[in-house]
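Undergrad: Sequence lines, in order, name chains E and C. Counting with this note's numbering, you get residues 204 to 547 for the letters of the first sequence. Counting with this note's numbering, you get residues 11 to 252 for the letters of the second sequence.
Calculated from the structure, these hints are not laboratory results. Glycine included, every Cβ here is placed at the ideal spot set by N, Cα and C. Treat the hints with care, as some may be off.
[What the hints assert, rightly or not] To spell it out: a stretch of chain E is covered by chain C in this simulated footprint if at least three of its residues, at any positions, have a beta carbon under 8 angstroms from a beta carbon of chain C; those stretches are: (1) 398-405; (2) 408-418; (3) 524-536.
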Amino acid sequence: MSQRVTRSSRLSQGAAVLGLLVLILLAAAPWWAGRADMRLMGEIFLYLSLATLWNLLAGYAGLVSVGQQAYVGLGGYALFALTILAGVPALWAIPLAGLLGALVAVPVAALIFRLRGAYFAIGTWVIAEVFRLGAAQVSALGGGSGTSLPADVVRAMASGRDAREALAYWLALGVAMAVIGLAFAILRSRLGLALMALRDNELAARSLGINIWRTKFIVYVATAGLTTLIGALIFVQKLRISPDAGFSVNDWTAFVIFIVVIGGIGTLEGPIIGTLVFFALRETMADMGSVYLIALGVVAIVVMLRAPAGIWGLIRARTGAELFPISHRVRGTTTKETADGKKA
Amino acid sequence: MGELLKLEAVRRAYGAVVVADAQSWSLAEGEALGVIGPNGAGKTSMFNLITGTLNPQSGRIYFAGQDITDWPAARRCRAGMARSFQVPQPFGGMTVYENALVAATQGAGARGARAEAICLDVLARTGLMPKANARAGSLTLLERKRLELARALCTQPRLLLLDEIAGGLTDGECHSLVQTIRDVRATGVSIIWIEHVVHALLAVVDRLIVVDFGRLIADGAPQAIMASREVREIYLGLDADV
Ligand SMILES: Nc1ncnc2c1ncn2[C@@H]1O[C@H](COP(=O)(O)OP(=O)(O)OP(=O)(O)O)[C@@H](O)[C@H]1O
Ligand SMILES: [Mg+2]
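Excised from the complex, chain E in its bound form (with noise of 0.2 angstroms):
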């Protein structure tokens, strides 16, 4: 009798092809699309980037953090400052936020991976409070009511407006996909399964040789960088920043986390199907003011008192399905399976 594991699993290989011609369809966009959809669809890829970051932050490493708008503020107004202040093109300075915000995440982590629980959530809000009141300081970038992307800048981005809308489209569209891509990698990878563990079971995870401060501080780290990276882009696409716009609650860490946890929290596909719920929302009620808000309240208390694990956490418990292949199966555990297998 001899046994192998396996990883995917036929839906999963139906799911993957299905979305890389998905993926085909989108990335061929500037030429089906009219500019309003493509600005919504950056914004959807954009949101389903914060998303999937928030939830390997929280449901995977179990960091509660309702501060994200920090980063999201920090990698906006370092835009503005690398592109009005240093003179860097807008392309290069995207990614050198996301450095940025890597780099100031490390002491960040060392001060709040002290608290715990409750108190760790609130420690990254009071974060985000001070970046907030930071970036109000600073003169040089309009201070409390802020500043616009000057027009040469936005002009050196790419030749015309259709060009430059296409390019911020394309730029959304490959991050979400770099970080859905990164999240799964690090799903499947020895880090995922010790990031799985010890939200399971922290006692036997360092029992069992996992160093539970590393593997977080990994994950906060990468997070926050690249949550740093996508504030850039929104405000690349957005032109115009302010302290609140920047370092907002509502919409960089509230929303998010109505997607993460309305589609399922601790699974990749929970994001997905969180933000295609939130944006349908949005787009069909958003003229009716405050009952857009309630409907979103509605829908959360719903689904958290129907579907806790969210509704792919409610599909997965009734099927066992799973899109992205991250579990492990081993074949051949009984002769009646080797059986089946054979004949497969």
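Here the structure of chain E is known, so what remains is to put chain C with the ligands in place on it, guided by the hints.
TA: Frame of chain E, contents of chain C with the ligands only:
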């Protein structure tokens, strides 16, 4: 044979309850040591102190010649010690195979095909192969205890610490468990085994210590210790609640 583990005046108390009272003893490389003592004597606490999930208030602990007193638990595991928990601590949302894989990749530092081979071998040896794809959270208590043993073995330890893994087994199961542990020992792994099922313990160990109120009250050859009056009194007490 060199010393693998050494405790030097290790002390720990919870308020007035002393769980380790200036314990000083050592374990030779390749030795199999049995630990007995009444409930609440401090046996599990001794394991917690050795593996680093509990810190001593004073005293030092050495492993393979190094002072590990201030090392975190994870580092001690990677240095070659692994334990089973008396109250099983599975990764409930992961499969049995994935539980083993955590131990092989983290504790033993193995990767890829080697990690896979370690896990499949250990699952076969511990009789868990039919459950390889089951969620660990869905296992029965006995299966969870077996998973504790399997995970510890997957870290490829030099020192294996077992905390009451034979309770509740049928005679046949107990016999095969003893055989499994003997096989592990034959590969050169040192063992410390806390067990209330004394006949299983005596089939494996070549030295026995008796703990009471955090103190070592006897230490020596198993047959001599089981024959002593003081131990028989405790042992009879144990017999009543096994
Ligand atoms: N975290 C703790 N806080 C307070 N007291 C504790 C704690 N852990 C253990 N104790 C106490 O320390 C004593 C020793 O416990 P320990 O678990 O080491 O005993 P044991 O010898 O393993 O017993 P058993 O045979 O029942 O497993 C017990 O009286 C227990 O109640
Ligand atoms: Mg105990």
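Undergrad: If a hint holds in the structure, say so; if it doesn't, say that too.
TA: Verification of the supplied hints:
1. 398-405: With 5 residues in contact (Cβ-Cβ under 8 angstroms with chain C), the coverage given for the region 398-405 of chain E holds.
2. 408-418: Three-residue rule met by the region 408-418 of chain E, so holds; n is 8.
3. 524-536: Three-residue rule met by the region 524-536 of chain E, so holds; n is 5.
Checked against the numbered hints given earlier, this structure breaks none of them.
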